[in-house]
Amino acid sequence: MAFKKITVQEAYDVLQKQADGVYLDVRTVREFTAGHPAGAVNIPVAFPDPARGMALNPDFVKVVEAHFSKDKKLFVGCQAGPRADAAARLLEEAGYQEVASVQGGFGGMRDPSGQVLFPGWSSLGLPVSQENGAGVGYESLASKVK
1 MAFKKITVQE AYDVLQKQAD GVYLDVRTVR EFTAGHPAGA VNIPVAFPDP ARGMALNPDF
61 VKVVEAHFSK DKKLFVGCQA GPRADAAARL LEEAGYQEVA SVQGGFGGMR DPSGQVLFPG
121 WSSLGLPVSQ ENGAGVGYES LASKVK
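Those letters in the sequence shown? Residues 1 to 146, per my numbering, in order.
Hint data in this document are derived by calculation from the structure and do not stem from the laboratory. We treat Cβ as the ideally placed atom computed from N, Cα and C, and that holds for glycine. One or more of the hints may lead you astray.
If you anchor each label on the Cβ, the simulated ranges turn out as follows [as the list claims (entries may be wrong)]:
hint: 1; residue 1: E10; residue 2: E93; range: 18 to 26 Å
hint: 2; residue 1: V145; residue 2: L117; range: 16 to 24 Å
hint: 3; residue 1: H67; residue 2: S129; range: 36 to 44 Å
hint: 4; residue 1: G114; residue 2: T7; range: 27 to 35 Å
hint: 5; residue 1: E65; residue 2: S113; range: 15 to 23 Å
Below, computed lysine to aspartate or glutamate pairings styled on DMTMM-like, alpha-carbon distance capped at 20 Å [to be verified]:
hint: 6; residue 1: K144; residue 2: D59
hint: 7; residue 1: K72; residue 2: D111
hint: 8; residue 1: K5; residue 2: D59
hint: 9; residue 1: K4; residue 2: D59
hint: 10; residue 1: K73; residue 2: E10
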C-alpha cells in the first residue's frame, strides 16, 4: 500500500469537513514557528545538521505514535513535498493506515525553472498560525516520549 499524494486544497477541504484528521507539519521547529497551517501539529522528520544539512529525527515515529493512533487520518506536509513523502513512508512502514503526503506543503513546490507545480498553503491564502504551544509544538509533544 502506497501512501496517497494530495494537493494542499484537497487536504484543507477534508480537514474542514472531518474533525478526525490532523495536519502533521514535519518541517523544522524554526520553520513551523515562522508560520504553519492553522491547527497543524509539528513533529519534524529531520533536524538541521551542520555536517550533512539535515539528519533524520530518530524519535519521529515514536513521537507520532505517542499522540496519534494508527487509524488516525494524517495529512503530512513540509515546505514543498519531499520531506512529507519521506515522513509518510516512515509512518506507513510503522503501520499507519490513513496517511497522505500534501504536495506543495506550506511554501509550494516548483520545478527547476521556477514554475509552480503545486501551490503551497501560504500562497493559497489558507488560514495560517504561529502558535507553537502545548500539544502543537514539537517540544511539548516530544516531552511526553522521553
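query = Which numbered hints turn out to be false for this structure?
reply = Going through the list in order, the structure violates hints 2, 3, 4, 5, 7, 8, 9 and respects the others.
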